[in-house]
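Asks: Letter by letter, the chains look like this.
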Amino acid sequence: MIEFIDVSKVYQIGDTEVRALDHASMRIGDGEFVSIIGPSGSGKSTLMNIIGCLDLADEGKYLLDGQEIRDYTEGELAKIRNRKIGFIFQDFNLLPKLTAYENVELPLIYQRAPHSVRKRQVEEALRRVGLYERRYHKPTELSGGQQQRVAIARALATKPSLFLADEPTGNLDQKTGRELIELFHQLHEAGNTIVLITHDGNIAKEAARSIKILDGHVSDILDRSEIEEVV
Amino acid sequence: MLFQSMKMALASILSNKMRSFLTMLGIIIGVVALIVLVSVVRGATGEVTDAVSALGTNLLSIQILDDKGRAISVRELEDLRRFPDLSEVAPIGRDIADIRYNSKTDTASVTGTTSGYTQIQKQELACGRNIQGPDEDNHLNVAVINYETARSILSAEDARDALGKEIYLKGIPFQVIGVTEKEDEDMQMFETTVYSAMIPYTSLMRLSDSVGGGVRSFVVSAVSDDRLSALESEIGNWLDTRLSHDREAFTLINMSSIMGAMDRIMNTMTALLGGIAAISLLVGGIGIMNIMLVSVTERTREIGIRKAIGAGEGSILLQFLIEALMLSLLGCALGVAASFGILCLIGFFSGHHFSMSPQIITLATGFSLFIGMIFGIYPARKAARKKPIDALHYGG
Numbered sequence: 001m002i003e004f005i006d007v008s009k010v011y012q013i014g015d016t017e018v019r020a021l022d023h024a025s026m027r028i029g030d031g032e033f034v035s036i037i038g039p040s041g042s043g044k045s046t047l048m049n050i051i052g053c054l055d056l057a058d059e060g061k062y063l064l065d066g067q068e069i070r071d072y073t074e075g076e077l078a079k080i081r082n083r084k085i086g087f088i089f090q091d092f093n094l095l096p097k098l099t100a101y102e103n104v105e106l107p108l109i110y111q112r113a114p115h116s117v118r119k120r121q122v123e124e125a126l127r128r129v130g131l132y133e134r135r136y137h138k139p140t141e142l143s144g145g146q147q148q149r150v151a152i153a154r155a156l157a158t159k160p161s162l163f164l165a166d167e168p169t170g171n172l173d174q175k176t177g178r179e180l181i182e183l184f185h186q187l188h189e190a191g192n193t194i195v196l197i198t199h200d201g202n203i204a205k206e207a208a209r210s211i212k213i214l215d216g217h218v219s220d221i222l223d224r225s226e227i228e229e230v231v
Numbered sequence: 001m002l003f004q005s006m007k008m009a010l011a012s013i014l015s016n017k018m019r020s021f022l023t024m025l026g027i028i029i030g031v032v033a034l035i036v037l038v039s040v041v042r043g044a045t046g047e048v049t050d051a052v053s054a055l056g057t058n059l060l061s062i063q064i065l066d067d068k069g070r071a072i073s074v075r076e077l078e079d080l081r082r083f084p085d086l087s088e089v090a091p092i093g094r095d096i097a098d099i100r101y102n103s104k105t106d107t108a109s110v111t112g113t114t115s116g117y118t119q120i121q122k123q124e125l126a127c128g129r130n131i132q133g134p135d136e137d138n139h140l141n142v143a144v145i146n147y148e149t150a151r152s153i154l155s156a157e158d159a160r161d162a163l164g165k166e167i168y169l170k171g172i173p174f175q176v177i178g179v180t181e182k183e184d185e186d187m188q189m190f191e192t193t194v195y196s197a198m199i200p201y202t203s204l205m206r207l208s209d210s211v212g213g214g215v216r217s218f219v220v221s222a223v224s225d226d227r228l229s230a231l232e233s234e235i236g237n238w239l240d241t242r243l244s245h246d247r248e249a250f251t252l253i254n255m256s257s258i259m260g261a262m263d264r265i266m267n268t269m270t271a272l273l274g275g276i277a278a279i280s281l282l283v284g285g286i287g288i289m290n291i292m293l294v295s296v297t298e299r300t301r302e303i304g305i306r307k308a309i310g311a312g313e314g315s316i317l318l319q320f321l322i323e324a325l326m327l328s329l330l331g332c333a334l335g336v337a338a339s340f341g342i343l344c345l346i347g348f349f350s351g352h353h354f355s356m357s358p359q360i361i362t363l364a365t366g367f368s369l370f371i372g373m374i375f376g377i378y379p380a381r382k383a384a385r386k387k388p389i390d391a392l393h394y395g396g
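Keeping their order, the protein sequence lines are chains A and B.
The opening residue of the first sequence carries number 1 in this note's numbering; numbering runs sequentially from there.
The opening residue of the second sequence carries number 1 in this note's numbering; numbering runs sequentially from there.
Treat the hints loosely; a few may be bogus.
Stated by the list, open to error - Covered stretches of chain A, going by a simulated chain B footprint (3 or more residues, C-beta under 8 Å): (1) 71-83; (2) 193-199.
As the list claims (entries may be wrong) - Derived pair list, reagent style DSS-like, types lysine-lysine, alpha-carbon separation capped at 30 Å: (3) K84/A - K387/B; (4) K84/A - K7/B; (5) K138/A - K68/B; (6) K138/A - K17/B; (7) K7/B - K138/A; (8) K79/A - K387/B; (9) K382/B - K97/A; (10) K7/B - K61/A; (11) K175/A - K97/A; (12) K97/A - K17/B; (13) K386/B - K84/A; (14) K7/B - K119/A; (15) K79/A - K382/B; (16) K97/A - K104/B; (17) K159/A - K387/B; (18) K84/A - K104/B; (19) K104/B - K182/B; (20) K159/A - K386/B; (21) K97/A - K387/B; (22) K182/B - K159/A; (23) K122/B - K165/B; (24) K7/B - K79/A; (25) K79/A - K386/B; (26) K104/B - K165/B; (27) K386/B - K61/A; (28) K387/B - K138/A; (29) K205/A - K159/A; (30) K138/A - K159/A; (31) K138/A - K386/B; (32) K79/A - K175/A; (33) K182/B - K122/B; (34) K387/B - K104/B; (35) K97/A - K7/B; (36) K97/A - K138/A; (37) K97/A - K84/A; (38) K84/A - K159/A.
Source of the hints: derived by calculation from the structure; they are not laboratory data.
Every residue gets a Cβ at the ideal spot worked out from N, C-alpha and C, and that includes glycine.
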């Protein structure tokens, strides 16, 4: 369960104060498939960073599974990122010197999982995204779509309950993007929570529920036609 | 986790071989300086110390400069045996004599002494026997010659061939009763001539004009190392009384003190050179810190990704610290290997053998580890403390 209560995030850019989130409140329940939609500069990435425990809010409360995130130490936040959240970034964020296998294995290493467990889970994740055969390839030897699938495998490997995807189809062609969305549907059907951040109305419509973000304010989209207006 | 961190660190080092090598160069030079300088100093001083040590450390060497008109006799020296701390006493007389065997003649150093001397010196013979009491008592013309004399003057292929032969010293025949072991080169620096012969002191008194007037030089050994100081005091007092309380009339050299002084000199030089080498290692450490800081900045985004997928501060710190430690340890290993090669080369060209002691390798390794730790911790902490969001969006 993700719960934002009056969350604000302010950036100081020179003399200007930019309020990326302005008293934002929302709730995403366990097992939901939610898209967060908003135009560029609306505060989507800030929202994702705070949901993903990569950044902290300046004001308000963020409760993850009922626990206030601010109460955790950096070490505990690292564990939350590792065990509860699976990140899928727009630009994949794979380590270029590691192979696909090693990239997928990395979060399990930080989990201190034994070798046999790592091997099983990495292979399972790579098979699921259809890249088992290319496991020893480095990211530079893979296409954009394949790289994103490695990133998804990395997120799958630790079996998190929350998948957080920031513009996951942004760097992919339409066909690969479609395959990715299908994968999200499968993960959702398996009971996982999916939070999809996008500025693409068609992608946003894939989610059962959409939240719009405009000038740091968030609110639920009740009418699907509103999606087009936001983007 | 540790193994994975080591694997990652090694991969990172290998991915930038030239830069890693240049980073290690400071440590390599430091280790080479430390090992080579210390090994050469210890080797060189060790050879001198060994040579002095071979003469015996448990002994006092006495020179009589002025006997105040009363010559010290061999019998008087024998009386010194009353001192409980004294083990052996032996007069020493030296002269240079013509040595002849058949048609071969040369000059030899002749030492006159008693059987006690061979025991004090723990003199080992290649064959035959040492001078003994009856030789002295009967003023026998017998000689123990050195290996070189047997080989060159007596043309003996085997030392045993020289036994029983008659050589002439200053024209007087002496029967060869023993041949000493072949001397090493270090010992030869104490000899004025290549050829030497040892004869009973009483025989030398007859042979030499300069030795006849009383004992001018003698050695005594103590019953044990720890009684040497007490014996030094006893002999000193005896000489003081015997020579009319004139401390200038004699010199008393404690070989153990000389060894101690040499040890102190060697340790001081080792510490001095080791200190200089340590400074270059320190400079090498600064090089490691510099490159690690650059590496942390370059890999900020990587740190961000790692943190985003769950790496804690400890994991990042460990990864970068291990990388710094690996750089310094690899540098140390290369430095040790290079030192071995350099010492072999020095040994080859100088004709001396210089070995690396395990202690100096341990010291170099320990110091490199220390340097890696000290200079690696700051960049590693800097990496570990980066905020995930700042690191993830660094440069992009």
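Asks: Please go over all the hints and tell whether each is borne out by the structure.
Replies: Going through the hints against the structure:
| no. | hint | verdict |
| --- | --- | --- |
| 1 | 71-83 | holds (count 7) |
| 2 | 193-199 | violated (count 0) |
| 3 | K84/A - K387/B | 19 Å, holds |
| 4 | K84/A - K7/B | 27 Å, holds |
| 5 | K138/A - K68/B | 96 Å, violated |
| 6 | K138/A - K17/B | 19 Å, holds |
| 7 | K7/B - K138/A | 17 Å, holds |
| 8 | K79/A - K387/B | 15 Å, holds |
| 9 | K382/B - K97/A | 22 Å, holds |
| 10 | K7/B - K61/A | 40 Å, violated |
| 11 | K175/A - K97/A | 28 Å, holds |
| 12 | K97/A - K17/B | 14 Å, holds |
| 13 | K386/B - K84/A | 22 Å, holds |
| 14 | K7/B - K119/A | 17 Å, holds |
| 15 | K79/A - K382/B | 20 Å, holds |
| 16 | K97/A - K104/B | 81 Å, violated |
| 17 | K159/A - K387/B | 25 Å, holds |
| 18 | K84/A - K104/B | 100 Å, violated |
| 19 | K104/B - K182/B | 21 Å, holds |
| 20 | K159/A - K386/B | 26 Å, holds |
| 21 | K97/A - K387/B | 22 Å, holds |
| 22 | K182/B - K159/A | 80 Å, violated |
| 23 | K122/B - K165/B | 25 Å, holds |
| 24 | K7/B - K79/A | 22 Å, holds |
| 25 | K79/A - K386/B | 16 Å, holds |
| 26 | K104/B - K165/B | 14 Å, holds |
| 27 | K386/B - K61/A | 23 Å, holds |
| 28 | K387/B - K138/A | 27 Å, holds |
| 29 | K205/A - K159/A | 25 Å, holds |
| 30 | K138/A - K159/A | 23 Å, holds |
| 31 | K138/A - K386/B | 26 Å, holds |
| 32 | K79/A - K175/A | 34 Å, violated |
| 33 | K182/B - K122/B | 15 Å, holds |
| 34 | K387/B - K104/B | 92 Å, violated |
| 35 | K97/A - K7/B | 12 Å, holds |
| 36 | K97/A - K138/A | 7 Å, holds |
| 37 | K97/A - K84/A | 26 Å, holds |
| 38 | K84/A - K159/A | 8 Å, holds |
Violation of the numbered hints given earlier is confined to hints 2, 5, 10, 16, 18, 22, 32 and 34; the remaining hints are satisfied by the structure.
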